[in-house]
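Going line by line, the protein sequences match chains A and B.
Per my numbering, the first sequence runs over residues -6 to 315.
Per my numbering, the second sequence runs over residues 406 to 647.
These aren't lab readings, by the way, just hints derived from the structure by calculation.
Just so you know, not all the hints are guaranteed correct.
Stated by the list, open to error - Residues from chain A that face chain B, not an exhaustive set, calculated with beta carbons under 8 Å:
(1) T202
(2) A204
(3) L205
(4) L208
(5) A221
(6) T229
(7) A261
Every residue gets a Cβ at the ideal spot worked out from N, C-alpha and C, and that includes glycine.
Now for the letters of each chain:
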Amino acid sequence: MSLNPAVSELIVVSNNTQPLGFVSLPEDRLTQSVQPRLHGRLWLNFDYVSDITQAPGHTRLNVRAQQPPLQVIRAFQAPDGAALVHLHNLSGGVLGGDRLELKVEVGPQAQVQLTSTGATRLYRQRAGLPAAEQSTEIQVAEGGLLEYLPDPLIPFAGSCYQQTTHIELSPGAGLFWWETIAPGREARGELFEYDRLQIQLDLTVAGKTIALERLRLEPQLRPMRSVARLGPYRYTTSFYICRPGLEAAAWLKLETDLLELARELSKAGEVIWGVSALPAHGLIVRGLSQTHPNIAAGLPAFWQQAKQALYGRAAAPPRKIY
Amino acid sequence: MSINPSATPDAALKQLRLLQLADSALPVGAAAHSFGLEMLVAEEALTVAQLETFLADYVAEVGVLEAGFCRAGYASVAGLEEILDEARWLELNLRLSALKPARESRTASAMLGRRLLRLLLALEAWSPVEQALQSAQQAGVEIHYSTAFGLASGILELDEEATTLAYLQQMVTGLVSACQRLLPLGQSEAARLVWQLKPALSSAAQLSRSLDWETIPFQCFIPIVDVAGMRHPILHTRLFMS
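All chains should be modelled from the sequences, with the hints used to inform the complete structure.
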């Protein structure tokens, strides 16, 4: 298996050795010879393995395809049988012009935790190249559970990035999905100096849309610190909690319970949290903060309480940063 | 909006109907909702001095989005004799619901939309209105105010541009009215604010013209307002509904 990011070859490390749709395109190689534009791909499939001689079963990772700079090394098995997988980007971040594709399939009864190995750094746009793109396709089958818990996106000054995410949940599937956007490299005083950050999210249940996000953040055109946008805050996070099949009343009850936690964790001017039921099948927690530690502390608190309420067990933080 | 004295009786009737639809006195319950403003004020995130900037940016985000859906509602039917395109009508309302993360604001919009159509139905037995209400109820889909406003105007064959501008005008008037109850904002200053925002409304209407609700290239980023709407139910004393 080659891990050289300069080589745009299809890599299959699964037991299932069929490439299943990811093909190295000649134009990619041509492009790379003149411009270092990467087309990274990662296709992960998870299935639940149950052996009658072994109880309980566990979730198995099948890497259908991976092409640098996106990579996974292995899956760690959590005590509850879930598979914990760290998503790596060998470039250390998203370079201007990069095209990255992530596809994740969570099979029936499979339980998966995906996280990153650090913040996703969005580097400055390179002249003559299109905006960096990340496309993510997620499918969670009935009884499956996906917990997607990455570190923040950090858009560097001059970066231009477009992210498209489509999550499809089957009835009875579960989802905990958060995403945090930083203002930039805050430690060096770089705030909202990126050119464009475009985020598109479609969350559907059995084909029916329950949440849409359409963000096109261009701080030079529309100031982020406007009292109608971020106001005094710098970080924004969204946390989707879904389990199709629960009655609307159950979501309203959970909304009320998590709102109480939101009230406890909020301090106007420093950090504020809100919770709201989606039109169906789930709820959203949204937070705004002056600093990242408030977000990093708050998200797991909501996750713990929601996991306990929906699954009757504690959330297991991925081993790395907590 | 002025009434053109040389207009034909039919045109004058249309103008009068649009004026009434956009009138803040229309009994749909608009005054009961603050769309997150009450919490923003309670947490001292919004003051009178910030109002003009706030509203201009709000219109640039939410105004464009809602104006686009108002146009989509308008295009769902082409007159009183026409049959509503039910699939389109339901889908655009479903998508607008999905774009509204704060339940409070989403529910408020849905209450106003439903009441507007019921009011119209009480005034005249218009079959497309009945169809719009019934299909949404059967499908369990919320009817939003912007789409309902557009649909009503489409049924009445009112001018699309005038409809979009009137929708935006009543939206801003409603927000300013809410601010008058929440902040030390006098009537004259409120009127000045609404007056000053006319270019922003015009700009939003223009921008919404090129939007296609099916592919939704809309962008809307008002997280502080969304979070305020989500937090409104935990405010101990409230003037507005949650």
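Which of the numbered hints are not met once you compare them with the structure shown?
Going through the list in order, the structure violates no hint and respects every one.
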